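Chemist: The lines below spell out each chain.
Protein chains: 2
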Amino acid sequence: MEDGTKIERGFTLWFTGLSGAGKTTVSEIVEKQLRRRRGKVEVLDGDIVRTNLSKGLGFSREDRDTNVLRIGFVAKMLTRNGIGVVVSAISPYKEARDEVRRDIGDGFIEIYVHCPIEVCADRDVKGLYKRAYAGELPAFTGVSDPYEPPAAPELVLNTDQEKPEESARKVMAKLEELGYLDPVEEFSRA
Amino acid sequence: MEDGTKIERGFTLWFTGLSGAGKTTVSEIVEKQLRRRRGKVEVLDGDIVRTNLSKGLGFSREDRDTNVLRIGFVAKMLTRNGIGVVVSAISPYKEARDEVRRDIGDGFIEIYVHCPIEVCADRDVKGLYKRAYAGELPAFTGVSDPYEPPAAPELVLNTDQEKPEESARKVMAKLEELGYLDPVEEFSRA
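Chains as they are written, first to last, in our numbering: chain A, -14 to 175; chain B, -14 to 175.
One chain only, chain A, in its complex shape (with noise of 0.2 Å):
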């Protein structure tokens, strides 16, 4: 900044979608490229932050909402620093996260990460699905609690229908069309 040199935009990459649908799995591929083409990179994963910021809260929607919330406050003071935040987090409603939005401003990348819910049932890599569908688990986002999708998100991925390699592939691509990271050249001019 003091010297001119070229200063990197920050931005905040938010990862929603149900429980199972991949956030974490594209998300940490997505951190790995970024830290090989963009010096600073930070990781807000859901779980990381209710451990540091938001143990004590529960799954109440008031909860949910401070909780995301928190994670935004934590993102705008990153993104406008110039830092890539990576923020995966269930973050089931529409308004809480429009208000991380409007909050962070340009930087603000909103990724649907959608996949039907019987795949995401199918998968339960955590065994919470079928814990939800016994009835043990009174607040389970898309079973015992809704997810309200994003109306109008930066980018959606499929992941039934993609690899995690490919749905990570365009998130790049993203940031590259919204002037975030040059664009790697893959082929020479001569």
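One should not assume that every hint holds.
If chains are identical, the list can't say which one is meant, so a pair holds when it fits in one copy or spans any two.
Mimicking DSS-like on lysine-lysine, the simulated pairs with C-alpha atoms at most 30 Å apart in a straight line are [what the hints assert, rightly or not]:
{"id": "1", "residue 1": "Lys61", "residue 2": "Lys25"}
{"id": "2", "residue 1": "Lys79", "residue 2": "Lys17"}
{"id": "3", "residue 1": "Lys115", "residue 2": "Lys61"}
Read the hints as simulated data drawn from the structure, not as lab findings. A quick note: this is a predicted structure, and the numbers were derived from the prediction, not measured.
Given chain A's structure and the hints, the job is docking chain B onto it.
Modeler: Chain B in isolation, oriented as in the chain A frame:
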């Protein structure tokens, strides 16, 4: 980073001390000077943080420590990305501050804003000491709740003996001494 330009090292100035000792007053001057001399600065003020990260937390030891560790969590992320972070929080317990110190590592700079409690109570900017001495505030640091001074802070400010501008100057000098700021050239050599 990618073009070998000078990278600014991040740091966390952690102002600790009694209510009314002058943490916010001094840190606001420091913030202003840092913004002139350095690109990236973020302020994590105790009150702002209580609103955005710690709503619902009270003033038990556990809640105070949770609050301090949350500030530390955010400060660490900013610090490792080259940001200059200014934290202003009573943070009365040594153990929690030391945990943040370990977590942040080198960039953690603890500033003990020292002022005799009689002077703080005399200033009583927020009218809180009056209420605390009247027994209305059950967990007020220094009156009805402990304050554990730092054992080996990087800097001690005696705000009953020096003006805020002088305290701020000492902070800036400490940052220069520790290599986080280039010294200002006040005289030309000609």
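Chemist: Each hint: holds or not?
Modeler: Against the structure, the hints:
For the homomeric pair lysine 61 and lysine 25, the shortest alpha-carbon distances inside one copy (14 Å) and between copies (14 Å) are both at most 30 Å. Proximity of lysine 79 to lysine 17 under the C-alpha cut-off of 30 Å is restricted to the intra-copy arrangement: shortest distance 28 Å within a copy versus 37 Å between copies. Taking identical chains as interchangeable, the C-alpha atoms of lysine 115 and lysine 61 are never at most 30 Å apart, the minima being 36 Å within one chain and 38 Å between chains.
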